[in-house]
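> Protein chains in written order, with the numbering used here: chain A, 1 to 367; chain B, 1 to 329; chain C, 1 to 503.
Calculated directly from the structure, the hints in this document are not laboratory data.
Ideal Cβ placement from N, Cα and C applies to all residues, glycine included.
Check before you lean on any hint, since a few could be wrong.
Here are the computed distance ranges between Cβ atoms for each label pair [what the hints assert, rightly or not]:
(1) C/Thr372 <-> A/Ala192: 57 to 67 Å
(2) C/Ala375 <-> A/Thr13: 30 to 40 Å
(3) C/Thr241 <-> A/Lys22: 52 to 62 Å
(4) C/Glu378 <-> A/Val250: 23 to 33 Å
(5) A/Ile304 <-> C/Lys397: 22 to 32 Å
(6) A/Val124 <-> C/Thr372: 38 to 48 Å
(7) A/Gln191 <-> B/Ile175: 54 to 64 Å
(8) C/Lys397 <-> A/Arg252: 28 to 38 Å
(9) A/Gly63 <-> B/Asp240: 23 to 33 Å
(10) A/Ile36 <-> B/Leu87: 15 to 25 Å
(11) A/Gly202 <-> B/Leu69: 53 to 63 Å
(12) C/Val62 <-> A/Lys22: 39 to 49 Å
Pairs of lysine-lysine, DSBU-like flavour, derived with a Cα cap of 35 Å [stated by the list, open to error]:
(13) C/Lys371 <-> A/Lys22
(14) A/Lys92 <-> C/Lys371
(15) A/Lys150 <-> C/Lys127
(16) A/Lys22 <-> C/Lys397
(17) C/Lys307 <-> A/Lys249
(18) A/Lys92 <-> C/Lys129
(19) C/Lys303 <-> C/Lys486
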Amino acid sequence: MSNPIKEPLLHITRRKEMPAKKAWAIRIGAIIASLIVCAIVTTLTTGLDPISVYGAMIDGAVGSSRKVLILLKELAILLCISLALTPAFKMKFWNLGGEGQVLMGAWATTVVMMYLGGVLPNAVLIIVMLIAAVGTGAIWAMIPAFFKAKWGTNETLFTLMMNYVAIQLVAYFIIVWENPKGSGHVGIINQAGREGWLPNIGTNSYWFIIIFVAIITVGMHIYLQYSKHGYEISVVGESQRTANYVGIKVDRVIIRTLLLSGAICGFTGWMMVSGSDHTITTTLAGGRGFLGIMVSWLAQFNSIAMIFAALLIVFLEQGAAEISTSCGLNQSYSDILTGIILFFIIGCEFFINYIVHVRKSAGKEVA
Amino acid sequence: MFDLVSFIPRAIIQGMPLLFGCTGETISEKAGSLNLGIPGVMYVGAMCGVIGAFFYERSCGGADLNPFLAIMIPFLSCLVGSLLMGLLFAVLTVTLRANQNVVGLAMTTFGVGFGNFFGGSLMKLTGSSVPSIALSKTSIIFSKALPFAKDLGWFGKIFLSYGFMTYLAVVIAIIAAYILKRTRVGLQLRAVGENPATADAAGIDVNKYKYFAICIGCMIAGLGGLYYVMDYASGVWSNDAFGDRGWLAIALVIFTLWKPNVAVFGSILFGGLYILYLFMPGSGMAVKELYKMLPYVVTILVLIITSMRRKREHQPPESLGLPYFREDR
Amino acid sequence: MRNITKTFGDITANDDVTLDIYRGEILSLLGENGSGKTTLMNMLSGIYFPDGGEIMINGEPVMISSPKEAFDHGIGMIHQHFKLVDVFTAAENIVLGLEEKGKLDLEKASEKIREICDAYGFDVDPKQKIYNMSVSQKQTVEIVKVLYRGADILILDEPTAVLTPQETDKLFAVLRNMKEDGKTVVIITHKLHEVLAISDRVAVLRKGKFVGDMITAETNEQEMTNMMVGHQVELNIDRPTPVDPKPRVEIEGLTVKGPDGVMKLDDVSFTANSGEILGIAGISGCGQKELLEAIAGLQRVEKGTIKYIHDDGEVEDLIGKDPLQIAEIGVSLSFVPEDRLGMGLVGSMDLTDNMMLRSFRRGRSMFTDRKTPKALAERVVDELEVNTPSVSTEVRKLSGGNVQKVLVGREIASAPTVLLSAYAVRGLDINSSYTIYDLLNQQKARGVAVIYVGEDLDVLLELCDRILVLCGGKVSGIVDGVDAEKRQVGMMMTKLGGGAANE
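With the hints as constraints, model all of the structure from the sequences given.
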């Protein structure tokens, strides 16, 4: 007696593990595939030779020492935001509010810079700005964390909404601070006296940003990997029951971690205002709060891998800025390319985590 | 004196893109998919419509447009564009089980880039000096008010002075609410979003429902983008003008507690808050930005209050954002 | 069902089982935990597909590969974990997934539901939301759902486990009505008095094998217990005589309610002594989990006291303290929970990091010390012969026995004075089990008060010095491990006080 067993055509099971090498091979394969697709899309939509477009992009991103410096600065800023969001994600707390937290940090920096600029000695001023930014960012992130810890309020939606509250708040102040009146811009703040500006190394202060972020990268790596807090974050993220079992106070860990997350976002805002932009706009964060989520996620929360993930995205953006002038494409082209590459990388994780079994043509026979 | 008769129509046309987006997102969320790509989808929908209209207007040269084609071409291109975005989201999150938040945000990056890039390309084609594309001929057809609107005074102005897509938005929202609440399909869709394991055990094809909900949701949301360009903006596309309306649509979903019929009024309220500053005597330019903050603040309050009251009907769908994998049971 | 076999990995859940179910009868499927009752019935209801054997209905061989197909054959099962959507009403849940023609008419459905209710004596409000319902009401909805689909054969998996005695009586009345109506009912249970109260026939499974069946009227509790537990097996587990036992944990009047308001522990009192192993016997879900969690500070307690007595006679009250506070007052309490990877360990962390769970707070430094846990992990791997590639392997990749060794190894490493363990050998092979018994005995020799919750009576009888028997959250009795009889304990598990045991 034998029964044909009905089996679905495709049967998917979770993979136990995959050697790291193979997993990386798949990821790199996905990136290459996405670049090919990007090339095809480029040709189809613009009629340009994709090789020359890529060439122009590389040139735009790293074509001169100044471009490399700008690339590094942009990398540092994106990386810093990604690092800020990482502890929250590791705890399975979806902090989509990076955008707002950065902006609030920048806002606090600007407030101090405008009203205390010239009042305090420059070194003290910069430190007060820093403290204000870190504190404001932390509070901005702490609000949703508090409600999450106390009442389980959905943090994904809450943090998302907080971004736009921050944007509108900054929009309000921009008009209050308008300079010149009616321009809709704040203009360069303290241009004459450079109060509250980070000192220059060479022609600008980008190196400060790069060095700060390098320190934060190492610090975050150590914090997550080797500190007691980092350990608690991992346990809470993996299983709240285990956390309770060993007496970790989940509420406290959630709030503490988001304070840190927001503080680093605020720090980023400070760096941008004090060290690079010297002004504030509502688009200061420029979607990096969201890109940071993807960087962090692509790097699987590994601080070091994040450098490369952030580099990929920043490279595309800087490169696309170049082709917008040289090939007559517009700046948004990089968003399309970033999108395509992300879709491929996101999709390929499936093949790392699951096995697809295709049914053999004949049904299995059972004795 | 607060001029209600001119305020309400303006609030309504501000609100309708949100209503489309909100209805689409609600359908998707009810099936358990938190699609944060909606802002991107709305951009893509708008842009595809613009592309369709642009080439149709060009092909007509100076001649008059055929009203039917002038509507159908942008309309269908918009639907196709949004559908493709929906399929992308569905393939990645349902079939490939990728994280919904990450995919959604990537889609928003992509979609906004798509809109602005092709917007830029079309501007180059027109060779115009202003950074925008004007499709006024198409827009006139889209925003044609009901014929007897002018004869009915304030009533006509408040209720009848809109283009057909305004009524379409309301009709879609009400139909969606009806389907979700009263039909078998709606019941099963909600079951998928609440408890996919139970739905699966009851013989419902979870993945099929999710695919349909995501795709239909995206198509509806895409129409919101089209409405914005063709009706609200009088056919003028300029990059980034659509702004944060996509996120506002997601806020509206929460604000209305996942009820598209409530969203009809909610969208007008949000639209009203958006333009309230124009009608507030003496308020400066700055205060306007604070008014624009109101919808988000109100939404956050709703989110907090519902989570504190823990009334089950007002919670997000229980498995919102979670992938479903039968073997994980 | 003919010659049904089902295996999960290395474990054979059902071995060549042949079972007949007759029309219009109430059949009890009796067996201890893990005897394969539920697995067998899951194959009938389309959850699992048998590896071997065949299922025949009315003499026709049939294939049942999904719950839907089971319904088509008139088979419906009510699982222990209800499959209901909480925010839906009863009626919405009942019609969910049905492919009826026409539009959704909940009024009509409600009408039909009321008819079913009237016919069998249920009490369901079709408009009530599930989250407002008690467990018993939810169960009723599940039964109505199955009947609504026209099932002739109803399988109920331990339906009374979650019910009060009054609710149980009501359920049984309904089941009898259904039988009158010609429906077949299979009830999975391990409660003997229920078998006697409700069923016409009883079939007994033991360790995945079919032992026998008989007409209920012609049997008695004694015979059923014997069939269910089998003969006492010699396991040759060591049981050194306790050295100088002193009261260590005194529990008085402990009462715990579950999240749904169901009484989980009712006025439980006992004393655990140092230097002895106190066994806790009982059918699963009789409050064992709550008892251990209450002692460990993880469970909210309604009433009662839990006193810890230090060596110097000082007494500490443990009620209202969380695990951290318990540790801070100098009580070294270890807990090997039932859910090893979901609670005791973090599956995605390696051995070293899991060792740290208990100790990571030590020291003033902001940073964790990984050297000590690594050394501990290596020692545990070495001493307990944990089979792992290295101490930096994720624990979820280890086999069940090795996971348990890691967990037990960590818990005893902190030199506890109280060791709580729940189902410490569940799913373990013979060798690993003996390793665990030895470890427990070593702890006992160290003067630890060991509380061992177990399900295998043979083990309990040979390992433990005293055995506390729980029945429905109450203490059914405490027996001496050395001269207790298996049948006696079995009876106490199913009936408060053991009843017939004293005859």
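> Evaluate each hint against the coordinates.
Verification of the hints:
Separated by about 59 Å at the C-beta atoms, threonine 372 of chain C and alanine 192 of chain A satisfy the suggested range of 57 to 67 Å. For alanine 375 of chain C and threonine 13 of chain A, the hinted distance range of 30 to 40 Å is satisfied, since their beta carbons lie about 37 Å from each other. The hint said 52 to 62 Å for the Cβ distance between threonine 241 of chain C and lysine 22 of chain A, and at roughly 57 Å that hint holds. A hinted range of 23 to 33 Å holds for the C-beta pair glutamate 378 of chain C and valine 250 of chain A, which are about 31 Å apart.
As the Cβ distance of isoleucine 304 of chain A to lysine 397 of chain C is approximately 24 Å, the hint placing it in 22 to 32 Å holds. At about 44 Å, the CB distance of valine 124 of chain A to threonine 372 of chain C agrees with the hint of 38 to 48 Å. For the pair glutamine 191 of chain A and isoleucine 175 of chain B, the beta carbons lie near 57 Å from each other, so the given range of 54 to 64 Å is met. For lysine 397 of chain C and arginine 252 of chain A, the hinted distance range of 28 to 38 Å is satisfied, since their beta carbons lie about 31 Å from each other.
A beta carbon spacing of about 28 Å between glycine 63 of chain A and aspartate 240 of chain B agrees with the range 23 to 33 Å that was offered as a hint. Between isoleucine 36 of chain A and leucine 87 of chain B the CB atoms are about 21 Å apart, so this pair conforms to the stated range of 15 to 25 Å. Between glycine 202 of chain A and leucine 69 of chain B the CB atoms are about 60 Å apart, so this pair conforms to the stated range of 53 to 63 Å. Judged by the Cβ atoms, the range 39 to 49 Å given for valine 62 of chain C and lysine 22 of chain A holds: they are separated by roughly 44 Å.
Straight-line distance between C-alpha atoms of lysine 371 of chain C and lysine 22 of chain A comes to about 31 Å, which keeps the hinted pair within the 35 Å bound. The straight-line distance between the Cα atoms of lysine 92 of chain A and lysine 371 of chain C is roughly 28 Å, inside the 35 Å bound, and the hint therefore holds. Taken as a hint, the lysine 150 of chain A and lysine 127 of chain C pair is honoured in the structure, with Cα atoms around 32 Å apart against an allowance of 35 Å. Under the criterion of a C-alpha separation no larger than 35 Å, the hint pairing lysine 22 of chain A with lysine 397 of chain C is consistent with the structure, at around 18 Å.
At roughly 24 Å between alpha-carbon atoms, lysine 307 of chain C and lysine 249 of chain A fall within 35 Å of each other, so this suggested pair holds. Pair hint lysine 92 of chain A plus lysine 129 of chain C holds up; C-alpha atoms about 31 Å apart against a cutoff of 35 Å. Distance restraint check for lysine 303 of chain C and lysine 486 of chain C: the Cα-Cα separation of roughly 32 Å lies within the 35 Å cut-off, and the hinted pair is therefore satisfied.
Violated hints for the displayed structure: none, as all numbered hints are satisfied.
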